[in-house]
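Peer 1: Sequence:
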Amino acid sequence: LRVRNESDYPYRRAWHTLYDTYGELVPYADHQKHTALVTAVLAWGAANHGPLPRDGVYLPDGLFVDLTLASGARVMAELAYRDAPLWVAQFVRLVEQAGVAGRIVAAANGIVRGEIDAGEGLKAGEELPLAPDPAVRHGAGALVLSGPNSFSLIAGTPPEGAAGKAIGRVIAGGKTLANVVAGDPIKRIRILRSGAEASAFATDDAAYEALRRAARRER
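Counting the sequence shown from 1 gives a position; the numbering used here is that position plus 811.
It is possible that some hints are incorrect.
Claimed, not checked - In silico SDA-like pairs for lysine to any residue, Cα to Cα no more than 25 angstroms straight-line:
#  : residue 1 : residue 2
1  : Lys986    : Ala951
2  : Lys998    : Gly921
3  : Lys998    : Ile982
4  : Lys998    : Ala881
5  : Lys986    : Gly952
6  : Lys986    : Gly883
7  : Lys986    : Arg924
8  : Lys998    : Val906
9  : Lys986    : Ala881
10 : Lys844    : Trp826
11 : Lys998    : Ala912
12 : Lys986    : Thr879
13 : Lys998    : Ala918
14 : Lys844    : Tyr820
15 : Lys844    : Tyr830
16 : Lys986    : Pro996
17 : Lys998    : Arg914
In case anyone wonders, no lab produced these hints; they're calculated from the structure.
With these hints in hand, go ahead and build the complete structure from the sequences.
Peer 2: This is the structure in structure tokens:
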């Protein structure tokens, strides 16, 4: 919806000039009152129209990663924090504690591999087993933890025996991966939490160690 309420005043005369003074407004005071009334009526009508549709506008409950590269490619993936909590926690720690420094290091054979510059406090991930797990789909569209500070996005059909632990799936922007090349810097990467359960998914040192102990008991 676009609404225009104009008078005969030559707006560009005063716009960002020394003529932008109160005296220029006085002859159009009634017009401004009318404009304010129209705007208020429109706002009141919209507010009483009823709930607007939320589908496709707001994220559903869950844990997500939003990745933007310097080339303009942008991908959003949903993280499987229920099925692979330890590995998702490692990835979230990388993103939230190490900052945005990172880059795409390889893009070939349907796999885009990126690295995040990790701090010394995040090296514990080197001990995590990264074998594929049937609990999280490892095929096309998967987000895979492929090393202690690296991840892969499966843009096509992964080659037989592709290594890594799938931790999520791409839900938006997958087509932009086709133009990604090695060396593309990560412009922004952030974790998004929607809903109480995802917001409560802790990745601090104590919570992370508890997840590691639980994983060792399961093995």
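Peer 1: Determine for every hint whether it applies to the structure shown.
Peer 2: Taking the hints in turn, this is what the structure says about them:
For the proposed pair Lys986 and Ala951, the alpha carbon gap of about 12 angstroms is at most 25 angstroms, so the pair holds. Between the alpha carbons of Lys998 and Gly921 the distance comes to roughly 22 angstroms, so the proposed pair stays at or under 25 angstroms and holds. Taking the CA atoms of Lys998 and Ile982, the gap is about 19 angstroms. The hint holds against a cut of 25 angstroms. A C-alpha spacing of about 5 angstroms is found between Lys998 and Ala881, which places the hinted pair at or below 25 angstroms, so the restraint holds.
Restraint check for Lys986 and Gly952: the C-alpha separation of about 10 angstroms stays at or below 25 angstroms, so the hint holds. A C-alpha spacing of about 12 angstroms is found between Lys986 and Gly883, which places the hinted pair at or below 25 angstroms, so the restraint holds. This hinted pair checks out: Lys986 and Arg924 have alpha carbons roughly 16 angstroms apart, not beyond 25 angstroms. Only pairs whose Cα atoms come within 25 angstroms are accepted, and Lys998 paired with Val906 is accepted, the gap being roughly 12 angstroms.
Between Lys986 and Ala881 the alpha-carbon distance is near 16 angstroms, which keeps this suggested pair within the 25 angstroms criterion. Distance check on the hinted pair: Lys844 and Trp826 sit about 20 angstroms apart at the alpha-carbon level, within 25 angstroms; holds. Proposed proximity of Lys998 and Ala912 is supported: the alpha carbons are some 8 angstroms apart, at most 25 angstroms. At most 25 angstroms may separate the alpha-carbon atoms for a hinted pair to count; Lys986 and Thr879 meet this at roughly 13 angstroms.
Distance check on the hinted pair: Lys998 and Ala918 sit about 17 angstroms apart at the alpha-carbon level, within 25 angstroms; holds. Between Lys844 and Tyr820, the direct Cα distance comes to roughly 15 angstroms. Compliance with the 25 angstroms bound is thereby established for this hinted pair. This hinted pair checks out: Lys844 and Tyr830 have alpha carbons roughly 21 angstroms apart, not beyond 25 angstroms. Proposed proximity of Lys986 and Pro996 is supported: the alpha carbons are some 18 angstroms apart, at most 25 angstroms.
Distance restraint check for Lys998 and Arg914: the Cα-Cα separation of roughly 9 angstroms lies within the 25 angstroms cut-off, and the hinted pair is therefore satisfied.
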